[in-house]
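Student: Order-wise, the sequence lines are chains H and V.
Under the working numbering, think of the first position of the first sequence as 32, with each following residue one higher.
Under the working numbering, think of the first position of the second sequence as 9, with each following residue one higher.
One or more hints might be untrue.
Claimed, not checked - Take a look, some chain H residues computed to stay more than 10 Å from chain V by CB distance:
1. Gly55
2. Ser87
3. Leu147
4. Ile176
5. Ser275
What the hints assert, rightly or not - Where chain V lies over chain H, by a calculated footprint (3+ residues, C-beta under 8 Å):
6. 196-206
7. 213-220
Simulated from the structure, these hints should not be mistaken for laboratory data.
Glycine included, every Cβ here is placed at the ideal spot set by N, Cα and C.
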Amino acid sequence: MKVKLWGVRGSIPTTGPDTEKYGGNTTCASVAYDDHLLVLDGGTGIRRCGGAYPASKRIDILLTHLHLDHIQGLGFFSPLFDPSKEIHIWGPASSSQSLFSRISRYLSPPLFPVLLRDVPCKLELHEVSNSVFDIGPFRIQSSYIIHPGPTVGYRIMRENFVFTFIPDHEPALGSHGMIQNPKWVSGYDLAEGADILLHDAQYTSEEYPMRRGWGHSSIDDAGLFASITSAKHTLFTHHDPSHSDTFLEEMLAAFKLSSDVSVELAMEGFEIDLT
Amino acid sequence: MAAHEIEIILNRQLADCLSIPVFITDTVGNLIFYNEPAEELLGKRFEDTGEMPVEEWSTVFKPLDNDDNPMAPEELPLVKTLSDQYPYHKSFQIVSLKGKKQPISATSYPIISRSGNFVGAVAIFWKQKLK
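One chain only, chain H, in its complex shape (with noise of 0.2 Å):
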């Protein structure tokens, strides 16, 4: 299966010659193996993958969680407005309301001029929780993790290759951070030995104490975490916007000053071939 990042900033898009290198794009990876294509999140990066992949008459759109800048893409991807084509959405149960009222408060007016009721495609909802379930070729493991609101992550496994996404996680929130014992570490089943690990780094160590609580990880937790979990190899991700290319090259070599885990950081345009 192919793997290949199309946004990796957290918060906001951030354009600019700072950020060309890793790019400026919100959260939008996808997973492809034939011609079955699983889109995980609708950042910004959604626009570009949205013509990538023209002969995938399906589509399932893997959604963590629907802050902003994981689903501000999707009244921009185009196989929304295919008739020809059959789009899934899934995302995060809530205990209130459904995900489509929920997705629904962004795609539609005043925020944006068409309803998502009204796209021409062959549109289906799915909400998940703590979930297993098969989309063609993939086996896919969801469940709920430590960020605001309903949130999960995703572990999509096939034959024996495991991709694990979890963009936004706060797995260290509480008085003394992590619990360093994987029975009480959030998100711990889905990035068991992976192969690839897609993880929150959002902030330095210094940064973190500042904005405990907000859902996101120090690149020191971010690394702690793949270690826990024996990912083979971790993507740092959810740059945050005012990190620079440059300071994000300072941060991963701070890093890996004090660890050995396999790391490097996440980049737009970044793609692997897990086979």
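Let chain H serve as the given structure and place chain V on it in line with the hints.
Tutor: Just chain V now, with coordinates in the frame of chain H:
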């Protein structure tokens, strides 16, 4: 190894911040976490014991009603919560490890996950102010 649901993990993280004794159990009453103030009541350290089966930890306390009569387990808030998944509160006495009677209040509540499932229970002990 399967991790606990995040609702359980977040309850532990909260308990870790509090200065009052907090006990967290699974759905059948096995003790899966107790915080530092609870360690004083139990006379055991979580680091040493880890999780404790219900048969083991439930015998540590000797609850008495306010007339010094032994209380049946089913009268205790946590046992009631585990039985019907509702919150309870009750004032009673416990006999400390040193044999001293201590008036306390206990509040218990079920942890109902975002999915609507009963995933565990919490008991909080409040020391009553001696009049």
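Student: All hints, please: hold or fail.
Tutor: Taking the hints in turn, this is what the structure says about them:
For Gly55 of chain H, the shortest C-beta to C-beta distance to chain V comes to about 31 Å, beyond the 10 Å cut-off, and the non-interface label holds. Taking the minimum C-beta to C-beta distance to chain V, about 31 Å, the non-interface status of Ser87 of chain H holds against the 10 Å cut. Even its closest Cβ contact with chain V, about 23 Å, leaves Leu147 of chain H beyond 10 Å, as expected for a residue assigned away from the interface. The claim that Ile176 of chain H is not at the interface with chain V is violated, since a C-beta of that chain comes within 10 Å of its own (minimum 6 Å).
Distance check on Ser275 of chain H: its Cβ is at least 33 Å (rounded) from any Cβ of chain V, clearing the 10 Å threshold; non-interface status holds. Under a criterion of three residues with beta carbons nearer than 8 Å to beta carbons of chain V, the stated coverage of the segment 196-206 of chain H is upheld, 3 such residues being counted. Residue count for the segment 213-220 of chain H with a Cβ under 8 Å from a Cβ of chain V: 8. That meets the three needed, and the coverage hint holds.
Comparing the model with each earlier hint shows a violation of hint 4 alone; every other hint is respected.
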